[in-house]
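Asker: Go by the hints and put chain U onto chain W.
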Amino acid sequence: MMPIWTKSGKKHAVTLLKVQDCHVLKYVSKEESGGKTSKLLVGGKNSSPFYKSESTMEIFKEAGVPRKQKVTTFNVTDDAIIKPGTPLYAAHFRPGQFVDVTAKTIGKGFQGVMKRWGFKGQPASHGQTKTHRRPGAISTNKAAKVYRGKKMPGRMGNVYRTSLGLKVWRINTVHNIIYVNGSVPGHTNCLVKVRDSKLPTYKDCNKNPPFPTFFADGDEKLPEDLYDEEIFQFTDPSVTY
Amino acid sequence: DGKPDRFQPPPKPVIIDKLKQIEERRFLSPEFIPPRGRTDPLKFYIERKDMIQRRKVFNIPEFYVGSILAVTTADPCANDKANRFVGICIQRGGKGLGATFVLRNVIENQGVEICYELYNPRIQAIEVLKLEKRLDDNLMYLRDALPEYSTFDVNMKPVTRLDSEVPVNKLQVRMKPKPWSKRWERPKYNIKGIKFELPEKKMREAQKWSQPWLEFDMLREYDTSKIEEKIWKEVSEALKK
Chain W
4 MMPIWTKSGK
14 KHAVTLLKVQ
24 DCHVLKYVSK
34 EESGGKTSKL
44 LVGGKNSSPF
54 YKSESTMEIF
64 KEAGVPRKQK
74 VTTFNVTDDA
84 IIKPGTPLYA
94 AHFRPGQFVD
104 VTAKTIGKGF
114 QGVMKRWGFK
124 GQPASHGQTK
134 THRRPGAIST
144 NKAAKVYRGK
154 KMPGRMGNVY
164 RTSLGLKVWR
174 INTVHNIIYV
184 NGSVPGHTNC
194 LVKVRDSKLP
204 TYKDCNKNPP
214 FPTFFADGDE
224 KLPEDLYDEE
234 IFQFTDPSVT
244 Y
Chain U
282 DGKPDRFQPP
292 PKPVIIDKLK
302 QIEERRFLSP
312 EFIPPRGRTD
322 PLKFYIERKD
332 MIQRRKVFNI
342 PEFYVGSILA
352 VTTADPCAND
362 KANRFVGICI
372 QRGGKGLGAT
382 FVLRNVIENQ
392 GVEICYELYN
402 PRIQAIEVLK
412 LEKRLDDNLM
422 YLRDALPEYS
432 TFDVNMKPVT
442 RLDSEVPVNK
452 LQVRMKPKPW
462 SKRWERPKYN
472 IKGIKFELPE
482 KKMREAQKWS
492 QPWLEFDMLR
502 EYDTSKIEEK
512 IWKEVSEALK
522 K
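Chains as they are written, first to last, in our numbering: chain W, 4 to 244; chain U, 282 to 522.
Just so you know, these hints were derived from the structure itself, not from any lab. The structure displayed is predicted, hence computed values, not measured ones. A hint or two may mislead.
Claimed, not checked - Listed below are the simulated BS3-like cross-link pairs for lysine-lysine, each with C-alpha atoms no more than 25 Å apart in a straight line:
id : chain 1 : residue 1 : chain 2 : residue 2
1  : U       : K376      : W       : K14
2  : W       : K224      : W       : K21
3  : U       : K324      : W       : K10
Next comes chain W alone, as it looks inside the complex:
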C-alpha cells in the first residue's frame, strides 16, 4: 500500500495489484453453463504442470497456455467474448474507473466471539468470576432453543470477500500494475479477482474502456503510466493555493 496525493493536496491510500500472466482459458456459452449470460474462464499466475492430473490440465492444453494457479469465471455479454488463449493486461482497466476486488481474507484460525463478531464481552473487574470474553446469553427463555446461525466462536477468515466500488487511480502498462483506492481483502502477494463494479452508482462510470479487452499487438501505443485527472503527478511542481 502506498500514499497518493490529489491536485488539491489530499492524501489517499492506494493498493498495488499486479496483473501476472493472465490468459483467457475457455468460453462457456449461455446454454452450456445454464446461467443468464455466457461465461469466460480466466486463469492467473503461472505454476508448475507436474503436480496436477491430466484431466485437470486439459483446459490449459486446449488454450495453449501454461498451467495457472487460479482459475475464475466472469459473466460476459455476447459482444464481449474473447478467443481462448488471448493474454489479458492491466491496460484493460482505465484510471477513473470503479472496480470490485474479491480475494480470500487472511485466515485467523479458531477465534473467540469478541474478535470474530465484535461482541463487547464483560468488564475486567468489579467481581466478574472467570467471565471476561464470553458471549453471555445465547437465547431467550420463551424460544427454548438456539436459533440457526447464532454468532458463536469458530474459524475466522480464509473466506472469499469483496471490496466494492474502489476507484482506479493509476495504471502502469510496463509492469502491469493497477493502483486501486483503499484496502483490499487478503494478505500481501495473494491472488485477487478484479471486476468492473456492479454498484448502481457507478453503472455509467466506464469512460471508454478498451472493449472487449486491450490487445498488446494492436495499433494503440500507450504511455508507460496512465493517470487519473485529479492525481498529482510527481513531474509537476509543488501544489499552491
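Answerer: Frame of chain W; chain U shown alone:
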C-alpha cells in the same frame, strides 16, 4: 635524427578538485532502504522511481535527527497561502513515499511539534539551517527536557560549514523533574544524550529492565550494507541524468 619522431603530447596535468572531493561523501536517505518483510521487491522499485521523480523536481536536502530545518508548506487558510515553521528534527520515520519527520520548537512558551511528510506535494521548500547529528536517533526526550533545549530562533540564518564530515553535537541535556512521559533512564531507549541527575539507586533499579541477550540475537540482525550499495548506485545515477 634525420626522421622526426612522432609527436608525443606532454603528459596531461592531474587536477584535484577539492570541491568535488567534498561531494564524494555518500548519503542515502533512510526512507530508501526497504524494510525486512515478504513484500515483492518490484513494489519498492516502483516506489523508488516515484521518489526519485519527486526529488528531481523538488530538492530534499540531506539532514539528520538533531539538525535544525525550516519548512514552508502551502496552506489555503494562511495570509500568503504559505506557512513557514522552524524546528529541530526529533524523529525520522516511515519508509518509501510515506516517510515523515517531526520538527519541534517552543513558540511563546508553548512547545509545538509538527509531523511533515517528505514527499507531500504541498511542501514548497525545505531548508537546512544547521546540519548536525546528535548522540541519539530519536530526540523525543526533549519533551521532558528544560524548554531552553528546544527553543530555536524563527528568523535564524543558515549556518555554513566548511568541513565535509557532519559534526556530532555531544550535548547532554538536563531534564525537568520527574514524572516524564516515558522512563528515559531505562536501557530499552538506550539514550546517551541526557545528563541523568537521578540518585544512584534509581539508575541501578532501571538496569533491572535491561535485556543483554538482545545484541546477540541473530534473527534480529538486518544487514543493509549490500542493499544500500545497490540502491545508492541506482539513486545517484538516476538523479544525475
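Asker: All the hints need checking, so say for each whether the structure fits it.
Answerer: Here is how each hint holds up against the structure:
For a cut-off of 25 Å, the pair hint linking K376(U) to K14(W) stands: about 16 Å separates their Cα positions. Among the hinted pairs, K224(W) with K21(W) is consistent with the structure: their alpha-carbon atoms are about 20 Å apart, no more than 25 Å. Taking the CA atoms of K324(U) and K10(W), the gap is near 23 Å; set against the 25 Å cutoff, the hint holds.
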